[in-house]
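Spelled out, the chains give:
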Amino acid sequence: MRPGIPGCSLSDKKMLSRFLERQTIGQKQALTAWLFLLIPILFYVIIRFYPTFEAFFVSTLKWNLLGKQKFIGFKNYIKLFEDEEFWLVLINTFKYALIGVPISLLFSFLIAYYLNEITFGHETIRALYFIPFLTTAVAMAWVWRWLYQPVPIGYFNIILSWFGIAQQPFLKSLDQALYSIMAPAVWAGLGFQIIIYLAGIRAIPQSHFEASSIDGAGRIQVLREIILPALRPTILFLVVISTIGFLRIFDQVYSMSADSAGGPLNSTKPLVLMIYEAAFDEFKMGYAAALTVVLFLILLVISLLQLSLMRRWTR
Amino acid sequence: MITPILFMLSTSFKEGAEVYSLTIFPEKPTLVNYLFILGESKFIIWTVNSLIIAVLSTFSVLFFDGLVGYTLAKFSFRGREIVFIAILSTLMIPTEMLIIPWYMMSRTFGWLDTYWGIAFPGLMTGFGTFLMRQFFMNLPDELIDAARMDGWSEFAIWLRIAMPLVIPALSALAIFHFLGNWTAFIWPLIVTNDPDLYTIPVGIASFNGEFQSDWEIVMTASCLATIPTLFVFIFLQKFIIKGIMLAGLKG
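Residue numbers (the numbering used here), protein chains in the order written: chain A, 1 to 315; chain B, 316 to 566.
By construction, these hints were calculated from the structure, which means they are not laboratory data. If you're wondering where the values come from, they're calculated on a predicted model, not measured in any experiment. Think of the CB as a built atom: it goes at the ideal place given N, C-alpha and C, for glycine as much as any other residue. Take the hints with a grain of salt, since some may be wrong.
[Unchecked claim] Cross-link-like lysine to any residue pairs, in silico, SDA-like; alpha carbons within 20 Å at most:
| id | chain 1 | residue 1 | chain 2 | residue 2 |
| --- | --- | --- | --- | --- |
| 1 | A | K28 | B | A461 |
| 2 | A | K284 | A | L88 |
| 3 | A | K68 | B | R422 |
| 4 | A | K95 | A | L299 |
| 5 | A | K28 | B | G466 |
| 6 | A | K28 | B | A471 |
| 7 | B | K557 | B | R422 |
[Claimed, not checked] Chain A stretches covered by chain B per the calculated footprint, using a threshold of three residues with CB under 8 Å from any CB of chain B:
| id | segment |
| --- | --- |
| 8 | 185–196 |
| 9 | 292–299 |
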């Protein structure tokens with residue numbers, strides 16, 4: 001008979017401490033790491049990954065939230081492609097992005113470029129431009145809505161009337177409403193973009209500028225040959241961030257549009273507002289989920305484009 | 316640039332016919348609008364709600380994003396890369412896609428119209444984890460090893476040695492998260508039905524029907540919503556701008 005295995009007679013506590021002693025430093029580290037990650041992993045699985053799959057799953061259902069779920073495969077997507085409102089909304093959404101992004105990036109670049117040359121009161125001016133970024137979109141929407149009112153209330157129309165220009169309907173017009181809502185969104189984002197641009201311009205080594213001044217390069221040349229090429233990663237970052245921001249526009253439209261949200265006649269309605277209405281006004285959960293999948297795919301393509309461009313540039 | 320904000324500010328001190336004059340400085344400044352908002356609406360409750368949720372959620376993000384960022388930067392273990400990539404990949408998922416499942420979840424577990432329901436989606440963030448990991452990677456290992464030699468527990472090393480060394484990154488993350496939470500709209504709009512649980516943006520949006528033509532009242536409410544963030548900005552200006560630059564460069 002073999003003698004008893006030493007250790008068996010020890011109490012559990014001693015066994016545990018002995019088990020820990022026998023671990024290598026590497027194993028101990030791994031144990032601690034997983035312990036630290038336990039709650040976060042649970043969080044990401046339950047609050048991020050599971051809902052992502054659930055969104056795909058719900059998009060294959062016909063379901064009004066209260067009744068029975070009925071599996072209908074890809075029918076929601078087929079319905080979506082036949083829905084005229086969807087195409088109108090998709091065009092609106094891209095209008096916000098394709099017009100809003102270039103305008104805001106151009107404005108913020110020009111401001112940053114000149115701000116960079118101002119030395120006196122530089123920080124105060126920068127702060128003033130930054131303040132709109134801190135405001136609540138919903139609160140500012142009210143201010144802008146007021147500015148757009150007809151005479152004698154709205155300041156924009158009052159100012160137009162001084163110059164004898166006809167009154168503009170702004171938010172009530174099919175042609176102007178989308179741009180009237182885009183304006184405060186552009187306005188609110190400028191401060192952030194200016195600061196990122198300034199950080200980018202500041203990061204250009206001073207020697208580059210000195211070399212070009214020896215060569216006798218003019219302002220435009222310095223801008224074209226030194227500043228803009230050096231800012232390429234910064235510009236890419238801002239293009240992607242603000243494109244995603246405009247494609248997801250919601251707060252301003254919800255709080256500003258005339259008649260009903262997204263009005264007049266859906267002319268300002270973006271994708272996220274359509275999702276909101278489909279899910280929480282009409283309770284077409286499956287249809288709304290299909291719309292979110294479309295949004296996800298659009299944003300995914302943009303992110304992948306950014307990644308591939310970044311790779312190409314850093315190589 | 317700040318003209319709309321100035322109009323908002325000046326109108327909040329006006330009453331009667333003066334509301335529609337273009338003057339920046341009111342002739343007869345008055346506080347009636349403020350008294351009305353604070354007395355007649357639930358604005359104070361909404362402010363308390365917004366504050367509680369933003370503060371708790373910010374602390375949660377600092378704690379967990381800090382802990383996870385540190386673990387992913389400073390421990391070596393099998394599966395580390397997978398965990399990191401998985402967390403990073405959540406950045407690709409737009410909030411709007413998760414809103415319907417979150418709503419279903421909240422309805423099942425009775426989280427509708429609760430603080431927890433408003434706050435739970437933002438208790439940890441992929442962005443914050445990524446940012447903190449970047450900063451912890453620059454921390455010298457010797458420091459951590461020395462503390463281990465002295466018999467410190469791993470948790471104490473993280474909390475008392477590593478975290479204080481990345482305070483600039485933590486404050487940037489805190490300001491970002493707080494601001495994002497303070498102005499968040501779509502999720503609180505969906506998850507709350509009871510006006511007693513509205514956050515400030517949802518409350519202001521609910522003015523839509525009630526005070527539609529009382530512009531001075533709405534301007535005053537907008538002012539009250541903006542003032543706290545302006546104060547935060549004035550005091551923390553350097554941190555905020557540095558933080559945005561950091562985030563912009565690292566992200």
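Consistency of the hints with the structure:
1. Under the criterion of a C-alpha separation no larger than 20 Å, the hint pairing A/K28 with B/A461 is consistent with the structure, at around 17 Å.
2. Restraint check: the Cα-Cα separation between A/K284 and A/L88 comes to about 19 Å, which is no more than 20 Å; the hinted pair holds.
3. A hinted pair counts as satisfied when its Cα atoms are at most 20 Å apart, and A/K68 with B/R422 qualifies at roughly 16 Å.
4. Note on A/K95 and A/L299: the hinted pairing holds, with a Cα-Cα distance of about 15 Å set against a maximum of 20 Å.
5. For a cut-off of 20 Å, the pair hint linking A/K28 to B/G466 stands: about 14 Å separates their Cα positions.
6. Straight-line distance between C-alpha atoms of A/K28 and B/A471 comes to about 16 Å, which keeps the hinted pair within the 20 Å bound.
7. As the CA atoms of B/K557 and B/R422 are separated by approximately 41 Å, the hinted pair breaks the 20 Å bound.
8. Proximity of the segment 185–196 of chain A to chain B, defined as three or more residues with a beta carbon under 8 Å from a beta carbon of that chain, is established by the 5 residues found.
9. Only residues whose beta carbon comes within less than 8 Å of a beta carbon in chain B count, and the segment 292–299 of chain A has 5; three or more means the coverage holds.
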